[in-house]
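So the chains spell out like this:
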Amino acid sequence: MPVIKVEDLYKQYQLGQVSTGTLAHDFNRWMHKIRGKEDPYEKVTGENSREEKSDSDYVWALEDINFEARKGEVLGIIGRNGAGKSTLLKVLSKVTAPTKGCVKVKGRIASLLEVGTGFHPELTGRENIFLNGAILGMTKAEIRSKFDEIVAFSGVEKYIDTPVKRYSSGMYVRLAFAVAAHLEPEILIVDEVLAVGDAEFQKKCLGKMKDVSSQGRTVLFVSHNLAAVKSLCTRGILMERGRIVFSGSADETVEHYMKINSQHLMPKVEFLSSEEALGNEFIKLKSVKVVPENPFITDDIYLQFSFWNLTGASTINMAFDLLGLNDEVVFGSLFEFTTTENNLCNATCKIPANLMNDGVFYLNLYFSSTEMRLLLKLENIISFEVVDVKRNNAYLGKVNGAVRPKLNWIEN
Amino acid sequence: MKSTNLSSEEQEQWTEIIEPKRSWLDINIKEIWRYRDLILLFVKRDFVSVYKQTILGPIWLIIQPLFTTLIFYFVFNKIAKISTEEVDPTLFYLSGITLWNYFSECFSKTSNTFVANATIFGKVYFPRLVTPLSIVISNLIKLGVQIVVFLVVVAYQVYFNGTSIHANSALLILPLLILLMAVMGLGLGILFSALTTKYRDLSFLLTFGIQLLMYATPIIYPLSFTSGKLHTVISMNPLTPIIENFRYAFFGIGQFDLEGLIYTSIFSFTALILGVIIFNRVEKNFMDTV
Numbered sequence: 004m005p006v007i008k009v010e011d012l013y014k015q016y017q018l019g020q021v022s023t024g025t026l027a028h029d030f031n032r033w034m035h036k037i038r039g040k041e042d043p044y045e046k047v048t049g050e051n052s053r054e055e056k057s058d059s060d061y062v063w064a065l066e067d068i069n070f071e072a073r074k075g076e077v078l079g080i081i082g083r084n085g086a087g088k089s090t091l092l093k094v095l096s097k098v099t100a101p102t103k104g105c106v107k108v109k110g111r112i113a114s115l116l117e118v119g120t121g122f123h124p125e126l127t128g129r130e131n132i133f134l135n136g137a138i139l140g141m142t143k144a145e146i147r148s149k150f151d152e153i154v155a156f157s158g159v160e161k162y163i164d165t166p167v168k169r170y171s172s173g174m175y176v177r178l179a180f181a182v183a184a185h186l187e188p189e190i191l192i193v194d195e196v197l198a199v200g201d202a203e204f205q206k207k208c209l210g211k212m213k214d215v216s217s218q219g220r221t222v223l224f225v226s227h228n229l230a231a232v233k234s235l236c237t238r239g240i241l242m243e244r245g246r247i248v249f250s251g252s253a254d255e256t257v258e259h260y261m262k263i264n265s266q267h268l269m270p271k272v273e274f275l276s277s278e279e280a281l282g283n284e285f286i287k288l289k290s291v292k293v294v295p296e297n298p299f300i301t302d303d304i305y306l307q308f309s310f311w312n313l314t315g316a317s318t319i320n321m322a323f324d325l326l327g328l329n330d331e332v333v334f335g336s337l338f339e340f341t342t343t344e345n346n347l348c349n350a351t352c353k354i355p356a357n358l359m360n361d362g363v364f365y366l367n368l369y370f371s372s373t374e375m376r377l378l379l380k381l382e383n384i385i386s387f388e389v390v391d392v393k394r395n396n397a398y399l400g401k402v403n404g405a406v407r408p409k410l411n412w413i414e415n
Numbered sequence: 147m148k149s150t151n152l153s154s155e156e157q158e159q160w161t162e163i164i165e166p167k168r169s170w171l172d173i174n175i176k177e178i179w180r181y182r183d184l185i186l187l188f189v190k191r192d193f194v195s196v197y198k199q200t201i202l203g204p205i206w207l208i209i210q211p212l213f214t215t216l217i218f219y220f221v222f223n224k225i226a227k228i229s230t231e232e233v234d235p236t237l238f239y240l241s242g243i244t245l246w247n248y249f250s251e252c253f254s255k256t257s258n259t260f261v262a263n264a265t266i267f268g269k270v271y272f273p274r275l276v277t278p279l280s281i282v283i284s285n286l287i288k289l290g291v292q293i294v295v296f297l298v299v300v301a302y303q304v305y306f307n308g309t310s311i312h313a314n315s316a317l318l319i320l321p322l323l324i325l326l327m328a329v330m331g332l333g334l335g336i337l338f339s340a341l342t343t344k345y346r347d348l349s350f351l352l353t354f355g356i357q358l359l360m361y362a363t364p365i366i367y368p369l370s371f372t373s374g375k376l377h378t379v380i381s382m383n384p385l386t387p388i389i390e391n392f393r394y395a396f397f398g399i400g401q402f403d404l405e406g407l408i409y410t411s412i413f414s415f416t417a418l419i420l421g422v423i424i425f426n427r428v429e430k431n432f433m434d435t436v
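Heads up: the sequence lines are chains A and B, in that order. According to our numbering, the first sequence is numbered sequentially starting from 4. According to our numbering, the second sequence is numbered sequentially starting from 147.
A portion of the hints provided could be inaccurate.
Taking lysine to aspartate or glutamate pairs in the EDC-like style, the calculated list, with each CA pair at most 20 Å apart, reads [said to hold, decoys possible]:
| id | chain 1 | residue 1 | chain 2 | residue 2 |
| --- | --- | --- | --- | --- |
| 1 | A | Lys271 | A | Glu296 |
| 2 | B | Lys190 | A | Glu145 |
| 3 | B | Lys430 | A | Asp29 |
| 4 | A | Lys262 | A | Asp361 |
| 5 | A | Lys103 | B | Glu251 |
| 6 | A | Lys103 | B | Asp434 |
One side of the interface only, derived from the structure: several residues of chain A facing chain B at Cβ under 7 Å [said to hold, decoys possible]:
| id | residue |
| --- | --- |
| 7 | Leu92 |
| 8 | Ser96 |
| 9 | Val98 |
| 10 | Thr102 |
| 11 | Val108 |
| 12 | Gly121 |
| 13 | Glu125 |
| 14 | Phe133 |
In short, the hints are calculated from the structure, not lab data. The C-beta atom is built at its ideal place from N, Cα and C for all residues, glycine as well.
Produce the complete structure using the sequences and hints provided.
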């Protein structure tokens, strides 16, 4: 029995500055309307793609979306950044309306898009529980009946009558999540933002999701964490450029995603000036490159890093995690960079030949001060594929393991 | 026959259908009622958060109209020598300020509903009308406090300075006057809030528009002070009958203006209906343009 049915859903967005030319466009639209013609901007709407610059000012963030979710099902929605997942969730949680098509819903939808929405820093924990609960759609009576449970779950009993601006960020998030977790909706939407936070918090979130689905309610789970999708979801949907390109079992969907993803390798990023570079007030990334771009297993692989250190410190730490497509960390490494002229830091890391297994890998970068205070985190910054070479033995299948080091064998 | 039965059954299953645009008049009052607790919690939040970390706290509610009255007294009575008819000038100004404050607060605070709440609206759905409604209600409480202040000042003037007032049965329409101001302030406010999401220029226009409107309303002068074309213009202001009738009810100046009240009622409710319709239209997609 379906509890959500999405039919021919479209969502259009306007690109660029909204205000410029709005009046003219509105007028033009209106003129077409009174003459009984089609909306002139609907036709020229481009596909949702970030790589190719579209000529049109309008873009379809969602295009022809059709799916349904059944009672008790955990439906995983995966796709790259900008594939339309968040837009879909926004439409489902009624934050913004679709341009065409409809969504039929049975029961209450609650989203854990953002825990703590509407928390007011001046109000106490107690007051915020009521306010936040009401914003999420609970009545006062409902909140009162669950109040003790919420407080116990959050573990901030002692501070319940203290303004939340005095809370540590951990307490804040725990309290916020406790409220959201006690909503008991028929349909729960969980966005990947939940995946941030510490491990304990993640475990709590995932545990709550399992509870919800085992109670016969439906969960829509959006995540980059493919392992979580595989283990939690019963079914999956893969989105790409605003469309659903695949749907099936969670395993199949993840596999498909991995296949598509490997076509989008990005073995280098480079910024010409610090103004346009990725980063924050401490660190601006200049470039990250893999040399060679498509290494063979038998090649030495060089990871070249270059960034601007704007903290003023003479040395700075950068660590990377090398991850496989299942999001498992293969290994990581840390290096202390010395700042040279123009605040630039450069270094190259050599991964010896015959260490990596074949497959697609990507890098997460972590910048921190020498006191290990995290300054910047950049995820999925580059990706590359290590290609297998012709093997001399009979076995041609994939060798197990994240690494395939060439080890010494000695015949005794 | 059978198939139509089936489809109607199928439709009944769905508790909600999310669609592009609702029809112009589909306003979900039931839903707003379901969120009534949220309205009250917003009211509470507004009060608690505004006065936290102030020394005088809610006393500011009392100080503000009294100070404004004092300034008006010196500027408009002593310097500009504008007549307040036979009413004591402090009472005259205070009565006008008390009512005007309510209207202008309702109007200006509701007029940036969307822009001011964009972050929260962008994450959670609840009927957006809840926010302006809560503003009108929290200002109603402030108005209540300020009316008490007004009454205390009246009592003081009568008791200590022997000022005579002529309160009469027209006082019974006081609730109607307040209702009309609330309706007008809310109606115009949400009308503007819907328009400012796309055209921010309007919010600048509004800031001084409200200031100008005060001078086009008989706050610092009685309507009888004006004549000719100016009189016609000021009489066209839908706020004029409210202020004039309030002063008639307390001080017995001028006369009871039923026609004016009918005019104001029609204006206010038209503004509200128009405001709600347009607000309702905008709330579904404003996140894309804000």
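key: Hint status (Cβ of phenylalanine 133(A) to nearest Cβ of chain B, threshold 7 Å)   = holds (6 Å)
key: Restraint check for lysine 103(A) with aspartate 434(B), where alpha carbons must lie at most 20 Å apart   = The given pair, whose Cα atoms are some 15 Å apart, holds under the 20 Å limit.
request  = Closer than 7 Å between Cβ atoms is the bar; does glutamate 125(A) clear it against chain B? Give me holds or violated.
outcome  = holds (4 Å)
ask   = Does the CB of serine 96(A) sit less than 7 Å away from some CB of chain B?
value = This interface hint holds because 6 Å falls under the 7 Å limit.
message = Just to be careful, I want the Cα atoms of lysine 190(B) and glutamate 145(A) compared with a cutoff of 20 Å; is the pair within it?
response = holds (19 Å)
ask   = Do the alpha carbons of lysine 103(A) and glutamate 251(B) lie within 20 Å of each other, as the hint requires?
value = violated (38 Å)
query = Do the numbers back the hint for glycine 121(A), that is, is its least Cβ distance to chain B under 7 Å?
reply = holds (5 Å)
ask   = Can the hint on threonine 102(A) be confirmed by a CB-to-CB distance to chain B that is less than 7 Å?
value = Holds. Min distance 6 Å.
key: chain B contact restraint on valine 108(A) - CB to CB distance below 7 Å   = Given a least distance of 4 Å, the restraint on valine 108(A) holds.
Pair hint outcome, lysine 271(A) versus glutamate 296(A) [Cα-Cα no greater than 20 Å] = holds (8 Å)
inquiry  = Just to be careful, I want the Cα atoms of lysine 262(A) and aspartate 361(A) compared with a cutoff of 20 Å; is the pair within it?
reply    = Answer holds: lysine 262(A) to aspartate 361(A) is near 14 Å, not above 20 Å.
Status of the valine 98(A) interface restraint (C-beta, 7 Å, chain B) = holds (6 Å)
When each numbered hint is compared with the structure, violations occur for hints 5, 7.
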